[in-house]
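Please model the complete structure; the sequences and the hints are all you need to start from.
If you read the protein sequences in the order shown, they are chains A and B. Note that UniProt numbering numbers the first sequence so that position 56 is 56, with each residue one more than the last. Note that UniProt numbering numbers the second sequence so that position 136 is 136, with each residue one more than the last.
Mixed in with the good hints, there may be bad ones.
The list makes no distinction among identical chains, and a pair is therefore deemed to hold if it is satisfied within one copy or across any two copies.
Distance condition first, Cα-Cα at most 30 Å in a straight line; then the derived BS3-like pairs of lysine-lysine [unchecked claim]:
hint	residue 1	residue 2
1	Lys39	Lys356
2	Lys175	Lys51
3	Lys348	Lys39
4	Lys66	Lys37
5	Lys78	Lys175
6	Lys348	Lys51
7	Lys298	Lys348
8	Lys175	Lys298
9	Lys37	Lys348
Just so you know, the hints here were simulated from the structure itself, not pulled from any lab data.
Number of protein chains: 2
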Amino acid sequence: MASENMQTLHVELGDRRYPIFIGSDLNPQTLLEPYIKGKQVMIVTNTTIEKLYLQHYVDAVSALGKTVATCVLDDGEKYKDIEHLNLIFDALLEAGFNRDCTVLALGGGVIGDMAGFASACFQRGVYFIQVPTTLLSQVDSSVGGKTGINHPLGKNMIGAFKQPQVVLADMSQLKTLPPRELSAGLAEVIKYALLGDADFLVWLEQNMDGLIAGDATLLAEAVYRSCAHKARIVANDEKEQGERALLNLGHTFGHAIESYLGYGVWLHGEAVATGMVMAADLSCRMGWISDEDLQRTKKIIQRANLPVACPAIPLDEFLAYMSHDKKVLNGQLRLILMKKMGQAVITKDFDVEFMKQAILANQLSA
Amino acid sequence: MASENMQTLHVELGDRRYPIFIGSDLNPQTLLEPYIKGKQVMIVTNTTIEKLYLQHYVDAVSALGKTVATCVLDDGEKYKDIEHLNLIFDALLEAGFNRDCTVLALGGGVIGDMAGFASACFQRGVYFIQVPTTLLSQVDSSVGGKTGINHPLGKNMIGAFKQPQVVLADMSQLKTLPPRELSAGLAEVIKYALLGDADFLVWLEQNMDGLIAGDATLLAEAVYRSCAHKARIVANDEKEQGERALLNLGHTFGHAIESYLGYGVWLHGEAVATGMVMAADLSCRMGWISDEDLQRTKKIIQRANLPVACPAIPLDEFLAYMSHDKKVLNGQLRLILMKKMGQAVITKDFDVEFMKQAILANQLSA
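Okay, structure coming up:
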């Protein structure tokens with residue numbers, strides 16, 4: 001039985017078109033049934049989500065007559081590595097699963113990335129279903145098909161493009177999400193407003209208090225609008241040849257912060273938040289947005305309880321980490337900057353000195 | 001400067017169409033130039049090929065003005081694992097390579113599978129070029145896009161479909177190939193005759209002595225005809241939903257032999273050779289081919305200096321290894337068998353007792 005208030009968004013990717021169901025108290029048995037092709041389902045989750053929701057999904061999938069196995073990984077970005085990926089392969093092979101099986105990711109972005117990548121590689125590709133349990137993964141990982149793992153020399157350096165059969169985004173599961181992680185998810189929501197939708201930015205300014213308080217109806221609306229933006233961009237540019245790079249607003253700076261601090265010290269959304277401030281600051285120095293726009297950007301980020309400055313990081317190290325980022329093409333750094341509020345561009349035409357100033361201006365004193 | 005006798009075969013895969021250049025003393029600088037897109041080339045090879053041909057390719061690619069880095073792996077199927085795959089990622093990241101780089105596989109099937117899989121996953125996909133240096137990899141791995149690594153519980157269980165930009169198959173490099181490996185390559189050549197081309201079988205019967213002696217013109221013709229067969233099948237069925245499974249003639253039995261003996265004890269082609277005998281034997285017991293056809297199959301395999309029987313393997317273990325093979329769909333074993341000489345079929349309609357007899361009849365006494 002579908003929730004009364006459930007919204008459905010279709011990601012248009014030709015023969016890999018799939019739906020995202022967004023609502024509260026969704027019924028996984030009914031919603032997943034048409035999308036599980038074979039008889040075997042491997043549910044991949046982490047030790048935190050295992051205690052909260054694993055049995056609910058094991059029961060739902062078992063009730064469909066499927067063989068269910070589970071793989072529970074350690075919880076955290078620092079485990080998004082090749083060794084933990086291999087544990088999923090071990091579980092699939094020990095369960096005797098075949099080319100017709102489904103891997104279901106039950107968790108946040110780390111679980112989605114790892115389970116998705118495993119589903120892309122196991123037997124050269126099996127089916128994949130996503131049940132994102134954090135706001136960040138609901139708005140970010142459930143559209144786009146990017147999966148992968150980290151390497152000691154860089155984030156998400158190893159991976160695949162893999163589209164799911166279906167995504168369930170259940171707002172009820174956000175009740176158990178720590179406030180810090182809810183804020184981290186809001187960073188990506190704000191990103192969609194800043195990069196392409198000035199009206200959405202106004203909506204966020206009107207509703208930020210309710211979002212922070214966990215209002216399920218407001219959160220569902222924020223997830224729907226964010227996913228709709230991403231779905232439109234991804235449909236135009238699935239393999240990130242062009243427009244899709246806009247989604248990396250704040251990410252090149254953010255990756256440098258995350259890499260320097262060590263994966264998992266700051267949440268991804270927190271690093272992206274400060275990264276967006278740096279991008280806005282550079283855009284302001286370039287004369288593309290006003291100082292008022294920069295302050296407005298900082299304000300909405302602060303109201304989401306997100307950091308607008310990072311710890312002091314030596315500039316040379318910050319720049320070295322930025323150049324390891326994937327958004328580097330043939331050694332020429334391209335950044336996502338703001339031409340105006342609600343309109344980002346991909347550009348290498350910026351002043352490098354201004355970039356350094358923007359980085360230093362948004363660090364805490366050492 | 002292209003060799004006078006060079007033949008070119010195009011693998012028709014729409015926007016992923018690519019050429020295979022087949023000949024002797026090919027000029028890599030001229031032939032590769034149009035197919036290297038970015039500025040960085042990682043040549044992946046093994047310790048054996050490193051001594052013979054690495055410098056030649058480093059020089060050729062450097063002469064094109066590219067940045068060249070190398071990654072030399074241990075030589076052997078037993079190293080086709082996740083740890084050695086990770087060494088390629090280490091090399092790519094330590095060299096600071098970006099999304100626009102090319103991974104060039106210089107070696108046999110193991111190097112092609114690992115370098116190809118690494119190119120599919122590094123930064124979610126970079127460019128890939130193949131220079132297969134064994135007969136087996138020239139006829140088998142250079143068409144089809146199957147890449148991957150082994151897992152302790154099964155061969156090629158983790159991988160991706162990844163098409164190269166171009167393949168260079170140089171017969172001159174077969175002069176340094178050990179005779180046992182030349183024979184292993186001929187197993188796959190014979191496979192194409194048995195599964196789909198009775199005329200090619202006659203040609204092989206006429207020319208087997210010259211092939212075994214390493215005649216470059218005959219070898220080039222055998223590679224061309226084998227690749228043409230495979231290219232036609234793959235173009236029809238890239239992701240192995242149907243017809244492509246025919247290419248696995250002998251492989252389900254062969255995988256069981258390889259798995260039981262331990263990877264690398266028998267060469268892949270040797271296991272496939274005996275596997276094809278078992279498939280022919282079962283086809284004969286089913287009444288589809290005559291006893292004369294079975295003897296003819298064994299004869300051409302023996303003339304290629306390949307084994308027609310494997311060591312004694314307990315039947316239950318043999319069957320357990322067969323069922324780990326990927327050709328198992330929802331627990332129902334499908335085999336590639338011969339409906340007549342030069343015509344294979346994918347079927348689960350065979351007598352299981354006959355299958356057991358065919359396995360046992362082609363084992364050496366314990």
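Hint check results:
no. : hint            : verdict
1   : Lys39 / Lys356  : between (55 Å within a copy, 27 Å between copies)
2   : Lys175 / Lys51  : within (14 Å within a copy, 61 Å between copies)
3   : Lys348 / Lys39  : between (49 Å within a copy, 19 Å between copies)
4   : Lys66 / Lys37   : within (10 Å within a copy, 46 Å between copies)
5   : Lys78 / Lys175  : within (24 Å within a copy, 48 Å between copies)
6   : Lys348 / Lys51  : neither (47 Å within a copy, 42 Å between copies)
7   : Lys298 / Lys348 : within (24 Å within a copy, 64 Å between copies)
8   : Lys175 / Lys298 : within (27 Å within a copy, 68 Å between copies)
9   : Lys37 / Lys348  : between (45 Å within a copy, 20 Å between copies)
When held up to the earlier numbered hints, the structure conflicts with hint 6 and nothing else.
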